[in-house]
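Next come the chains, spelled out residue by residue.
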Amino acid sequence: MSITRLIWLLAVGGVACVLVEVIYFVITPNAPIPGWYAGFALIVGAVMVLGAHLLRFLIGRDENFYGRETIETPDEGKIL
Amino acid sequence: MSAFASLPLLPLPALLLVVGGLLIFAFPSRLRPALLIALPLAGLLWLWLLPEGQTSLTLMGFDLTPFRLDPLSRLFASVFFIAACLGAVFAWQMRDPLQQSAAALYAGSAIGAALSGDLLTFFFFWEATSLSSFVLVCARRSEMAWHTGLRYLWVQLLSGLLLLAGLSWMVGATGSLSFNAMQINSPGAWLIFLSFGIKAAFPLFHTWLKDAYPASTITGTVFLSAFTTKLAIYALARGFPATEFLIYIGAVMALFPLFYTMIENDLRRVLAYSLNDQLGFMVVGIGIGTPLALNGAAAHAFCHVLYKALLFMSIGAVMFRTGTAKASELGGLYKCMPYTMMFYFVGAVSIASFPLFSGFVSKSLILSAAHYEHYWGIWLILTFASAGVLFYAAFRIPYYTFFNRDAGWKVKEAPNSMLAAMGLTAALCLLLGIFPQTFYALLPYDMNYHPYDFPHIITSLQLVLFAALAFALLIAWRLFPPALRQLNLDSDWFYRTLPPRIAARVRRAGIGAMMQRLHAVREGAITAALSLRRRSAYLSQTIYPAGAMAFWIAVLLALAMIFTYA
Chain A
186 MSITRLIWLL
196 AVGGVACVLV
206 EVIYFVITPN
216 APIPGWYAGF
226 ALIVGAVMVL
236 GAHLLRFLIG
246 RDENFYGRET
256 IETPDEGKIL
Chain B
1488 MSAFASLPLL
1498 PLPALLLVVG
1508 GLLIFAFPSR
1518 LRPALLIALP
1528 LAGLLWLWLL
1538 PEGQTSLTLM
1548 GFDLTPFRLD
1558 PLSRLFASVF
1568 FIAACLGAVF
1578 AWQMRDPLQQ
1588 SAAALYAGSA
1598 IGAALSGDLL
1608 TFFFFWEATS
1618 LSSFVLVCAR
1628 RSEMAWHTGL
1638 RYLWVQLLSG
1648 LLLLAGLSWM
1658 VGATGSLSFN
1668 AMQINSPGAW
1678 LIFLSFGIKA
1688 AFPLFHTWLK
1698 DAYPASTITG
1708 TVFLSAFTTK
1718 LAIYALARGF
1728 PATEFLIYIG
1738 AVMALFPLFY
1748 TMIENDLRRV
1758 LAYSLNDQLG
1768 FMVVGIGIGT
1778 PLALNGAAAH
1788 AFCHVLYKAL
1798 LFMSIGAVMF
1808 RTGTAKASEL
1818 GGLYKCMPYT
1828 MMFYFVGAVS
1838 IASFPLFSGF
1848 VSKSLILSAA
1858 HYEHYWGIWL
1868 ILTFASAGVL
1878 FYAAFRIPYY
1888 TFFNRDAGWK
1898 VKEAPNSMLA
1908 AMGLTAALCL
1918 LLGIFPQTFY
1928 ALLPYDMNYH
1938 PYDFPHIITS
1948 LQLVLFAALA
1958 FALLIAWRLF
1968 PPALRQLNLD
1978 SDWFYRTLPP
1988 RIAARVRRAG
1998 IGAMMQRLHA
2008 VREGAITAAL
2018 SLRRRSAYLS
2028 QTIYPAGAMA
2038 FWIAVLLALA
2048 MIFTYA
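Chains as they are written, first to last, in our numbering: chain A, 186 to 265; chain B, 1488 to 2053.
If you're looking for bench data, these hints aren't it; they were derived computationally from the structure. Keep in mind that the hints are not guaranteed to be accurate.
Unchecked claim - Lysine-lysine pairs mimicking BS3-like chemistry, simulated, CA-CA at most 27 Å apart:
#1 B:1822 x B:1897
#2 A:263 x B:1897
#3 B:1899 x B:1822
#4 B:1899 x A:263
#5 A:263 x B:1822
Unchecked claim - Label pairs and their computed distance ranges (CB to CB):
#6 A:187 x B:1898: 22 to 32 Å
#7 A:231 x B:1987: 45 to 55 Å
#8 B:1858 x A:194: 23 to 33 Å
#9 A:189 x B:1739: 36 to 46 Å
It should be emphasised that the depicted structure is a prediction, and the values quoted were computed from it without experimental measurement. C-beta atoms are modelled at their ideal positions from N, C-alpha and C, and glycine is treated no differently.
Chain A with its partners taken away, still in its complex shape:
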């Protein structure tokens, strides 16, 4: 599946969810505001990505920053 098709699929699914919530909001008193969580999820994504780039810029270092002790020997990862 291409990324464009995936984006369309998720967008359609997400909008369908919001529409259901709008209907629920209309027929139910004291229902949560429709679409709040949808917007919030998008904001969280943006904040996390911005934060991650900033953090990497500030604290990202070379893999061997702490010296030899951080280097894995070949096939060390396969040890059960």
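Chain A is already provided as a structure; the job is to place chain B on it using the hints.
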């Protein structure tokens, strides 16, 4: 049968694992994996045959409660038994007797601590978990594992010493060793709180977690993920419920590791940060302290042991086949390891609180408790963290491991024993999510809570779908942080880098000048000692309480640790 159903003097179901762990060397290597599975199963069965209650004995003038079984201790002991059993199934192919023994001892000690009713018994088991888990951290027997293990041991022993200092202070002040809810209004209580906080990976004390777990073996990490931190959560729930301070600590814990999970290259380190993040939810629940919140913390700890074990198992299986857990080196494994990927996704949607999975029914309790108690800011932070979990657990890790580019791996699917362990754990994650009321009946406090109402389900679905949409857009626009071979600094920088730098600077300053300074310091010390001698209350004539002595030992240990790395 009735002998097994009467309350024992000691926490025998836990000691079953401890003794089994010590004797495991005597068994042939083919029998050991089966024994490692049978022991926790037998222990779990025994635990559930026992009635609630406690046993007491007097030892050297102290009234001890070596065994206490109530809903909270039963819940934690049960999940520890289950985790030990699932870990043993996952480790079926492992033939290292030292690791097998350490795993059984570690699980047994954690269960013993959860079942102990006094601080002294708790301390012994607490320390036993430190020593046995140290063996698991070092089990790779490489230079990296050894260095990491030593750092881990220092931190764990510091926690133990603080606990010893705190309990000595408490027994001096109150004359009681009972382990019940405490107020943080004395140095003793503060020391105990700090001790629990170190093992619960409070901010700034958390680096042992992300340092040690990725350094262990594939099976070792699965065991490590289950016990130490959840035992600390049990200890906080037992000792410091409704301590408001914890709410804010938990909120910080839930938030800051999220950003590390987005840039870490080692996927097991990502999961370690994720563990830290989920502990934050539990700590918030304990801090709020209402029955709903405490149930939420206990329930989330229970579910977390399972889905985190599942995530570590899946990445462990990938490591077993490829030899690496570096996101920058993986990709395209969905073709070779489809079942591992499927089980990974069960763990991922569980941690992401997707309806019908375990995380949904436990995290909802904590979020609802924050909502009901009007902690709006905390609720918003926890909701942010819930959405943030999706980005690394449900999207980033599987994207870089199973999809993304084809990294050229032509490997076999995980061994059957690993698949069986993952399958069983995944089934438990689903069962807890599908039958929440059965699970809620096991929780320490009575409550009437229904997680599956329409607004809750529809908002959860929205959160998942729009977070997935955001991720897909970020990938398509090439804005998502790529997986890079790099190291990210954390607060361990202070004790891993600063002391060597200071030592190097001192060396550069010249030995002669340093000797002159040392001479001056010595002269000053002698003068001070002579002036002290003239006082009537001379040092050697003063009686110091055991708590104070233990505290200063802890300080000395910390100094020794700093100078070791210098």
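> Checking against the hints above, which ones are violated?
Replying inline: 7
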